[in-house]
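Number of protein chains: 4
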Amino acid sequence: MTQSIQDAPLIVAGRRFASRLLVGTGKYRDFEETAAAIEASAADVVTFAVRRTNLGQNPDEPNLLDAISPSRYTLLPNTAGCYTAKDAVRTCKLARELLDGHNLVKLEVLGDDKTLYPNVVETLAAAETLVNDGFDVMVYTSDDPIVAKELERRGCCAVMPLGSLIGSGNGLLNPATLALILEHAEVPVLVDAGIGTASDAALAMEMGCDGVLMNSAIAHARHPVMMAHAMRKAVEAGREAFLAERMPRRQSASPSSPFAGRING
Amino acid sequence: MTQSIQDAPLIVAGRRFASRLLVGTGKYRDFEETAAAIEASAADVVTFAVRRTNLGQNPDEPNLLDAISPSRYTLLPNTAGCYTAKDAVRTCKLARELLDGHNLVKLEVLGDDKTLYPNVVETLAAAETLVNDGFDVMVYTSDDPIVAKELERRGCCAVMPLGSLIGSGNGLLNPATLALILEHAEVPVLVDAGIGTASDAALAMEMGCDGVLMNSAIAHARHPVMMAHAMRKAVEAGREAFLAERMPRRQSASPSSPFAGRING
Amino acid sequence: MTQSIQDAPLIVAGRRFASRLLVGTGKYRDFEETAAAIEASAADVVTFAVRRTNLGQNPDEPNLLDAISPSRYTLLPNTAGCYTAKDAVRTCKLARELLDGHNLVKLEVLGDDKTLYPNVVETLAAAETLVNDGFDVMVYTSDDPIVAKELERRGCCAVMPLGSLIGSGNGLLNPATLALILEHAEVPVLVDAGIGTASDAALAMEMGCDGVLMNSAIAHARHPVMMAHAMRKAVEAGREAFLAERMPRRQSASPSSPFAGRING
Amino acid sequence: MTQSIQDAPLIVAGRRFASRLLVGTGKYRDFEETAAAIEASAADVVTFAVRRTNLGQNPDEPNLLDAISPSRYTLLPNTAGCYTAKDAVRTCKLARELLDGHNLVKLEVLGDDKTLYPNVVETLAAAETLVNDGFDVMVYTSDDPIVAKELERRGCCAVMPLGSLIGSGNGLLNPATLALILEHAEVPVLVDAGIGTASDAALAMEMGCDGVLMNSAIAHARHPVMMAHAMRKAVEAGREAFLAERMPRRQSASPSSPFAGRING
Chain A
1 MTQSIQDAPL
11 IVAGRRFASR
21 LLVGTGKYRD
31 FEETAAAIEA
41 SAADVVTFAV
51 RRTNLGQNPD
61 EPNLLDAISP
71 SRYTLLPNTA
81 GCYTAKDAVR
91 TCKLARELLD
101 GHNLVKLEVL
111 GDDKTLYPNV
121 VETLAAAETL
131 VNDGFDVMVY
141 TSDDPIVAKE
151 LERRGCCAVM
161 PLGSLIGSGN
171 GLLNPATLAL
181 ILEHAEVPVL
191 VDAGIGTASD
201 AALAMEMGCD
211 GVLMNSAIAH
221 ARHPVMMAHA
231 MRKAVEAGRE
241 AFLAERMPRR
251 QSASPSSPFA
261 GRING
Chain B
1 MTQSIQDAPL
11 IVAGRRFASR
21 LLVGTGKYRD
31 FEETAAAIEA
41 SAADVVTFAV
51 RRTNLGQNPD
61 EPNLLDAISP
71 SRYTLLPNTA
81 GCYTAKDAVR
91 TCKLARELLD
101 GHNLVKLEVL
111 GDDKTLYPNV
121 VETLAAAETL
131 VNDGFDVMVY
141 TSDDPIVAKE
151 LERRGCCAVM
161 PLGSLIGSGN
171 GLLNPATLAL
181 ILEHAEVPVL
191 VDAGIGTASD
201 AALAMEMGCD
211 GVLMNSAIAH
221 ARHPVMMAHA
231 MRKAVEAGRE
241 AFLAERMPRR
251 QSASPSSPFA
261 GRING
Chain C
1 MTQSIQDAPL
11 IVAGRRFASR
21 LLVGTGKYRD
31 FEETAAAIEA
41 SAADVVTFAV
51 RRTNLGQNPD
61 EPNLLDAISP
71 SRYTLLPNTA
81 GCYTAKDAVR
91 TCKLARELLD
101 GHNLVKLEVL
111 GDDKTLYPNV
121 VETLAAAETL
131 VNDGFDVMVY
141 TSDDPIVAKE
151 LERRGCCAVM
161 PLGSLIGSGN
171 GLLNPATLAL
181 ILEHAEVPVL
191 VDAGIGTASD
201 AALAMEMGCD
211 GVLMNSAIAH
221 ARHPVMMAHA
231 MRKAVEAGRE
241 AFLAERMPRR
251 QSASPSSPFA
261 GRING
Chain D
1 MTQSIQDAPL
11 IVAGRRFASR
21 LLVGTGKYRD
31 FEETAAAIEA
41 SAADVVTFAV
51 RRTNLGQNPD
61 EPNLLDAISP
71 SRYTLLPNTA
81 GCYTAKDAVR
91 TCKLARELLD
101 GHNLVKLEVL
111 GDDKTLYPNV
121 VETLAAAETL
131 VNDGFDVMVY
141 TSDDPIVAKE
151 LERRGCCAVM
161 PLGSLIGSGN
171 GLLNPATLAL
181 ILEHAEVPVL
191 VDAGIGTASD
201 AALAMEMGCD
211 GVLMNSAIAH
221 ARHPVMMAHA
231 MRKAVEAGRE
241 AFLAERMPRR
251 QSASPSSPFA
261 GRING
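Going down the list, the protein sequences come from chains A, B, C and D. Note that the numbering used here gives residue 38 to position 38 of the first sequence, counting from 1, and the numbers run on in steps of one. Note that the numbering used here gives residue 54 to position 54 of the second sequence, counting from 1, and the numbers run on in steps of one. Note that the numbering used here gives residue 146 to position 146 of the third sequence, counting from 1, and the numbers run on in steps of one. Note that the numbering used here gives residue 56 to position 56 of the fourth sequence, counting from 1, and the numbers run on in steps of one.
Worth flagging that the hints you see were computed from the coordinates, not collected in a lab. Hints are supplied without guarantee of correctness; some may be wrong.
Said to hold, decoys possible - Calculated lysine-lysine pairs in the PhoX-like style (CA-CA distance at most 25 angstroms, straight line):
(1) B/Lys-149 <-> C/Lys-149
(2) A/Lys-114 <-> D/Lys-149
(3) B/Lys-149 <-> C/Lys-86
(4) A/Lys-114 <-> D/Lys-27
(5) A/Lys-86 <-> A/Lys-114
(6) B/Lys-114 <-> C/Lys-86
(7) D/Lys-114 <-> A/Lys-149
(8) D/Lys-27 <-> D/Lys-114
(9) A/Lys-149 <-> D/Lys-27
(10) B/Lys-149 <-> C/Lys-27
(11) B/Lys-149 <-> B/Lys-86
(12) A/Lys-149 <-> A/Lys-27
(13) B/Lys-86 <-> C/Lys-114
Unchecked claim - Covered stretches of chain D (in silico footprint by chain C; criterion: 3 or more residues with CB under 8 angstroms from a CB of chain C, positions within the stretch not fixed):
(14) 166-175
(15) 190-199
What you are looking at is a predicted structure, and each value in this text was computed from that prediction instead of being measured. Ideal Cβ placement from N, Cα and C applies to all residues, glycine included.
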């Protein structure tokens, strides 16, 4: 009753998700905290770095799948730590094998290990190879609108520009380029990287992003579970504000209570 | 279960409020829309301009109290449209009379009718008079931290600095001065004026504000009821993010998935 | 020849100044560095704190007037360190006495010794007293446009809003309120406090300020004399950009070289 | 005497330039205004779009070389209007032919004709081809630090990231990525595109850029010749401020005139 417009679900590569908040699994104290934070976030999609996560290969170590059940969550293996198209492609194939043919992946090919800024040339190459090999590719990229459109043309099912550097918490440093990406995209656009706090997530959604992916903002808050809950609400608030269409900005003031017909005076 | 820290209620002049979102009644199409938006906002405190609102004096016109029940909401009469301390004091007294001794008011004394920027000298004078006359005074003011502290010293029960001009929707233009006010305040601080969209409200709360008051951001959205709902979540998200204590900002990147102990490679 | 519009001099209280950069004398290593930096700045007006500067009262200490000749520079005694109207008025009278009737002063009445934010109520009171006593009062104030206009009404000959806190180097934190002051002022408006680097000074001038006053930005740079020279050019650049009237901003791009009539292609 | 540090000239591909402001020739009313503005800018390097400029091929039309003498200015032919590496390479070869073997060019390969955002993949390809063919390539690019470094690796003699879209006048929208480029570059970095007014140019130089290129900011100001003069000073001011090393920013205030040893009290 409180929503006069009914929102559509987020659809990525034919999969429908109720939540527009996607979360990572890294940087938590242990899998218990990971599980609690992800539950509080109400996320449907959970991403993890294939190259550092135990999915059962190491029987003596904790297994992520015991904490994050694949029957409840959509797993999104990612290629964090890959610096070439070749490595990223190999990592996606490994994930597909470990997960019995699961073909949804988050591609990231990084430029260096200091900034973790994407290498867009390698990313474009890897995206093409993976799409041709039958993967559904959600792709981490810079805020370059030409590259974003080209990734879409090569068949990526979602484009995921950075707000700022991975793990920096600096929010959306260049809303203008993000707006250009949104203006021209025909696949979902999700901000991936840079979210630091609730207002950053709300802002991304208000601009019209289809979703937000984050990890450090939750895991590195002092109270991760509470922050996960805050982020859930922030993403919902931003989405609803987008659908509700905000008031226009004004240079001068506008009285809340005009006095033309005032009754006392 | 999802909240590891229990939040305290907002307490203003001994009154306890579950919601930290306060809303206005102006600028809606009709009282029906006003009522629907306020319900969606889940606000406990509802403000209205004494000088233009019919509380029953004009029996032939719609009565605000029929739409906003005083048994359900805490009414917060305000002095919008007053440009002198004298006018504001008289307006508060009129409100107290119309509302059977209700002594909680929002004081605003404006500097001019173009900017609606507060006149802090007149505001200080009115605040002192009203406090001495037994009012509980929540006070709209500029972002001047010295004036804010002085209003507190004169007995105001809440200080309400602007984020930007009333009705402008420009958000928090000077977070640095707001931070100074928050650092030194011993009464609740609520941002009043300037909120334009959900992320603005979340940001105010993340900074540590005790609440947010808004009117135009809801009433002038294309879909006010949905925006009211968005704002409810935004204020909650910002509050929870404040309590959860955000991650530190970093100049350089930080990998979500460190590779020191990676299992494949 | 390079200037198609001839600029007018800055006129304050009937005094004409070629330079729109005003500088302070504090925080330098010694009077020699002070003199070199001020020379490099090409400033005409030099301000100093009456309460801490030796103008000859202490014959055994260095005398500012030996470094900064009153025959070359217009001295602008200021009331730094005063927290009440009474103290500020007394300090101005002392300055007038020490300087043989010199009646141009910079009034500042501060709110506390942590923020050095102005106390606008005390400032208004002091301004009125000083104007009535025959002083030409340039007044440091907040960015409150109502207070700025009221200071003008009480006879101040220049209004000097802060860009950010004294000595913070944070630049112009709220250009919107500065724009409101500029829109309504009929006396010169000079940004005083907060300038950190050359672009801050240029920005203030581009917005239409009549001048800029600074001290820390020069004195606390690693190379004060070179920074003084930079600031001179920055103020001139900003002034000329204001007079030249900048290009309009565009959301989309505009080719530098339109191709409608291109000759190759 | 006013400069305590002697600045080095800008050196690009072995050529030495006294001025760090580079200017374009487009968008002026006529070649007379072009010449006057460029003279006022004191620029040494002047860029023009090969595909639309008459260098004598059309004997009946005005010839740029009559207005901008190659004996006085270093001409910088650019590939504005090219959307593929192939077109850009062909355009550079045409320029070299028209200019008797002149091999310094500004490469730009654009992504689309609405945003004029660079196509970095085509830019990288064109850069490699041109360098191998003996050109000295100054290259317009996005603010992507990985692409910027790769352009340098491929032999470009200067990297020229955008501040914001060409012709938009929106200034430096993402100083953080520009800082990353500056941190890692071993060739000159010049901001190209987006400068709108003097403070934008000063800011770019203060950050450590080696130069700034602009066209619209001068040509589309109401008074281009005066704006050219302003920009000259702004670039110098920003450069000097960079060399002088600005004061540190402070969260709290710092008195210009400490009162520990004050002489009056």
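Hint-by-hint comparison with the structure:
{"no.": "1", "hint": "B/Lys-149 <-> C/Lys-149", "in the structure": "holds, 23 angstroms"}
{"no.": "2", "hint": "A/Lys-114 <-> D/Lys-149", "in the structure": "holds, 14 angstroms"}
{"no.": "3", "hint": "B/Lys-149 <-> C/Lys-86", "in the structure": "holds, 21 angstroms"}
{"no.": "4", "hint": "A/Lys-114 <-> D/Lys-27", "in the structure": "violated, 42 angstroms"}
{"no.": "5", "hint": "A/Lys-86 <-> A/Lys-114", "in the structure": "holds, 20 angstroms"}
{"no.": "6", "hint": "B/Lys-114 <-> C/Lys-86", "in the structure": "violated, 34 angstroms"}
{"no.": "7", "hint": "D/Lys-114 <-> A/Lys-149", "in the structure": "holds, 14 angstroms"}
{"no.": "8", "hint": "D/Lys-27 <-> D/Lys-114", "in the structure": "holds, 17 angstroms"}
{"no.": "9", "hint": "A/Lys-149 <-> D/Lys-27", "in the structure": "violated, 30 angstroms"}
{"no.": "10", "hint": "B/Lys-149 <-> C/Lys-27", "in the structure": "violated, 30 angstroms"}
{"no.": "11", "hint": "B/Lys-149 <-> B/Lys-86", "in the structure": "holds, 22 angstroms"}
{"no.": "12", "hint": "A/Lys-149 <-> A/Lys-27", "in the structure": "violated, 32 angstroms"}
{"no.": "13", "hint": "B/Lys-86 <-> C/Lys-114", "in the structure": "violated, 34 angstroms"}
{"no.": "14", "hint": "166-175", "in the structure": "holds (count 5)"}
{"no.": "15", "hint": "190-199", "in the structure": "holds (count 4)"}
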